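Asks: The chain contents come next:
2 protein chains.
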Amino acid sequence: MDVHFITHNPSKYEEASNVAQEFNLSIKWYDHEYEELQEDSLEIIARKSCLSIMQTKPELKELHFFLEDAGLFIKSLNGFPGPYSSYVFNTIGNNGILDLMKDKEDREAYFKSVTAYYDGSTIETFVGVTKGIITKSLIGEGGFGFDPIFRPDDNNQTFAEMTLATKNLYSHRQKSLRILFTSLTAFAKQ
Amino acid sequence: MDVHFITHNPSKYEEASNVAQEFNLSIKWYDHEYEELQEDSLEIIARKSCLSIMQTKPELKELHFFLEDAGLFIKSLNGFPGPYSSYVFNTIGNNGILDLMKDKEDREAYFKSVTAYYDGSTIETFVGVTKGIITKSLIGEGGFGFDPIFRPDDNNQTFAEMTLATKNLYSHRQKSLRILFTSLTAFAKQ
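For the record, the sequence lines run as chains A and B. Taking this note's numbering, I'd label the letters of the first sequence as residues 1 to 190. Taking this note's numbering, I'd label the letters of the second sequence as residues 1 to 190.
Bound-form chain A, shown alone (with noise of 0.2 angstroms):
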């Protein structure tokens, strides 16, 4: 059976079917852009969002499909801007976040990744979480989103100084996909 990915970004695309080949898994491009609910977490988000596609694509029920989802939580934000990453990312921007930090102490934050699964039948989610800190300053000019002001744990490079070939090591949407592709790969050899 085909596992479509439902997204309507080419690059998402292009990464996630990069990781299937490594596990010798061809996956499909579902082009669409889905709705996404106000909730606070990702994983929620996530699932509702694989039954309302469902709900405006019928035959979708029919097909093996995943999507995905992430976002930045920064400790002592609570969590913001979590699963708003995008809306304050095109608002407020780095900049914004980098004055809200100020008086931190407290740099700890994480990406996360949700990818949620569709089997034909039910639907279960995938987590990948990359832990590192948001930076004093914008460093780097690669990357793109919050990129220039978070530094993965165990590396002393930002996530837009890095080639992305060392980047995709940190990635958390790459995690999540791993995670996802190798579940299929064990029930293909089930």
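Simulated from the structure, these hints should not be mistaken for lab results. For clarity, every value in this text was computed on a predicted model and none was experimentally measured. Watch out, some of these pointers could steer you wrong.
Said to hold, decoys possible - Derived PhoX-like pairs: lysine-lysine, alpha-carbon spacing no greater than 25 angstroms straight-line:
hint : chain 1 : residue 1 : chain 2 : residue 2
1    : A       : K104      : A       : K75
2    : B       : K48       : A       : K75
3    : A       : K57       : B       : K48
4    : B       : K12       : B       : K48
5    : B       : K75       : B       : K102
6    : A       : K136      : B       : K57
7    : B       : K102      : A       : K104
8    : B       : K61       : B       : K28
9    : B       : K131      : A       : K104
10   : A       : K75       : A       : K28
11   : B       : K136      : A       : K102
12   : B       : K12       : B       : K131
13   : A       : K61       : B       : K57
14   : B       : K57       : A       : K48
15   : A       : K102      : B       : K75
16   : A       : K28       : A       : K48
17   : A       : K48       : B       : K104
18   : A       : K136      : B       : K104
19   : B       : K75       : B       : K57
20   : A       : K57       : B       : K61
21   : B       : K28       : B       : K57
22   : B       : K61       : A       : K102
23   : B       : K136      : A       : K48
24   : A       : K104      : B       : K104
25   : B       : K12       : A       : K57
26   : B       : K61       : B       : K75
27   : B       : K104      : A       : K102
28   : B       : K136      : A       : K136
29   : B       : K28       : B       : K75
30   : B       : K61       : B       : K12
31   : B       : K48       : A       : K61
32   : B       : K12       : B       : K57
Start from chain A and add chain B according to the hints.
Replies: For chain B alone, coordinates are given in the frame of chain A:
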């Protein structure tokens, strides 16, 4: 035909009920916590909440009902926190907003309320807006939420300094409710 206000918040129902009495209208409380989508527009969120409520509670399709959603929009923060105002208040709070506004000369902001009304066949939205500025510090002990940092135009007090009666004169929620109730009363007289 009875008009139902869908909210899980008893104070919101009480406020709406008091405003309705000015119009000799009586409204009924339909206690239900509904889902809200992640969208940049309150109008779209309110409309889609109506649709999703009718999917989960089919009996509502036969009733007349309304719901209300609101947010604080700050000009120099590109509309942040907007539709995510409760989440932002619960995580970074008023001090977070003040940190973000520290170096901003433009303090313009507005509270916006959208009431979405379903009349048994179509959904209509009504908008109430209250313009003002974000103060440079917390001022006043009353109110809730962003009240201590918002001062409406034409007044020298923040919402948190006002008596409830004065604050009601500026209430964005009451504005959108009054437009709805005016429209309902006009219709009833036809």
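Asks: Hints first: check each against the structure and report whether it holds.
Replies: Each hint tested on the structure:
1. About 10 angstroms separates the Cα atoms of A/K104 and A/K75, which keeps this hinted pair within 25 angstroms; it holds.
2. In summary, the hint linking B/K48 to A/K75 is not supported, as the alpha carbons are separated by about 32 angstroms, beyond the 25 angstroms threshold.
3. Restraint check for A/K57 and B/K48: the C-alpha separation of about 17 angstroms stays at or below 25 angstroms, so the hint holds.
4. Only pairs whose Cα atoms come within 25 angstroms are accepted, and B/K12 paired with B/K48 is accepted, the gap being roughly 20 angstroms.
5. Between B/K75 and B/K102 the alpha-carbon distance is near 14 angstroms, which keeps this suggested pair within the 25 angstroms criterion.
6. For the proposed pair A/K136 and B/K57, the alpha carbon gap of about 49 angstroms is over 25 angstroms, so the pair is violated.
7. With a CA separation close to 16 angstroms, the supplied pair B/K102 and A/K104 stays within the 25 angstroms bound.
8. Distance restraint check for B/K61 and B/K28: the Cα-Cα separation of roughly 16 angstroms lies within the 25 angstroms cut-off, and the hinted pair is therefore satisfied.
9. With a CA separation close to 32 angstroms, the supplied pair B/K131 and A/K104 exceeds the 25 angstroms bound.
10. Restraint check for A/K75 and A/K28: the C-alpha separation of about 36 angstroms exceeds 25 angstroms, so the hint is violated.
11. Taken as a hint, the B/K136 and A/K102 pair is honoured in the structure, with Cα atoms around 17 angstroms apart against an allowance of 25 angstroms.
12. Between the alpha carbons of B/K12 and B/K131 the distance comes to roughly 21 angstroms, so the proposed pair stays at or under 25 angstroms and holds.
13. A C-alpha spacing of about 23 angstroms is found between A/K61 and B/K57, which places the hinted pair at or below 25 angstroms, so the restraint holds.
14. For the proposed pair B/K57 and A/K48, the alpha carbon gap of about 17 angstroms is at most 25 angstroms, so the pair holds.
15. Distance check on the hinted pair: A/K102 and B/K75 sit about 22 angstroms apart at the alpha-carbon level, within 25 angstroms; holds.
16. Our distance criterion of 25 angstroms between C-alpha atoms is met by A/K28 and A/K48, whose separation comes to about 22 angstroms.
17. About 38 angstroms separates the Cα atoms of A/K48 and B/K104, which puts this hinted pair outside 25 angstroms; it is violated.
18. Straight-line distance between C-alpha atoms of A/K136 and B/K104 comes to about 20 angstroms, which keeps the hinted pair within the 25 angstroms bound.
19. For the hint linking B/K75 to B/K57, the alpha-carbon distance of about 37 angstroms lies beyond 25 angstroms, and the restraint is violated.
20. Straight-line distance between C-alpha atoms of A/K57 and B/K61 comes to about 23 angstroms, which keeps the hinted pair within the 25 angstroms bound.
21. Annotation: proposed proximity of B/K28 to B/K57 holds, straight-line Cα distance about 16 angstroms (limit 25 angstroms).
22. Proximity of B/K61 to A/K102 is assessed by CA-CA distance (about 50 angstroms); at most 25 angstroms being required, the pair is judged violated.
23. A C-alpha spacing of about 40 angstroms is found between B/K136 and A/K48, which places the hinted pair above 25 angstroms, so the restraint is violated.
24. About 21 angstroms separates the Cα atoms of A/K104 and B/K104, which keeps this hinted pair within 25 angstroms; it holds.
25. Restraint check for B/K12 and A/K57: not satisfied, since their Cα atoms lie roughly 36 angstroms apart, outside the 25 angstroms limit.
26. As the CA atoms of B/K61 and B/K75 are separated by approximately 38 angstroms, the hinted pair breaks the 25 angstroms bound.
27. Taking the CA atoms of B/K104 and A/K102, the gap is about 16 angstroms. The hint holds against a cut of 25 angstroms.
28. Restraint check: the Cα-Cα separation between B/K136 and A/K136 comes to about 24 angstroms, which is no more than 25 angstroms; the hinted pair holds.
29. Between the alpha carbons of B/K28 and B/K75 the distance comes to roughly 36 angstroms, so the proposed pair goes past 25 angstroms and is violated.
30. Distance restraint check for B/K61 and B/K12: the Cα-Cα separation of roughly 22 angstroms lies within the 25 angstroms cut-off, and the hinted pair is therefore satisfied.
31. At most 25 angstroms may separate the alpha-carbon atoms for a hinted pair to count; B/K48 and A/K61 meet this at roughly 22 angstroms.
32. Taking the CA atoms of B/K12 and B/K57, the gap is near 21 angstroms; set against the 25 angstroms cutoff, the hint holds.
Against the hints set out earlier in the document, violations occur for numbers 2, 6, 9, 10, 17, 19, 22, 23, 25, 26 and 29.
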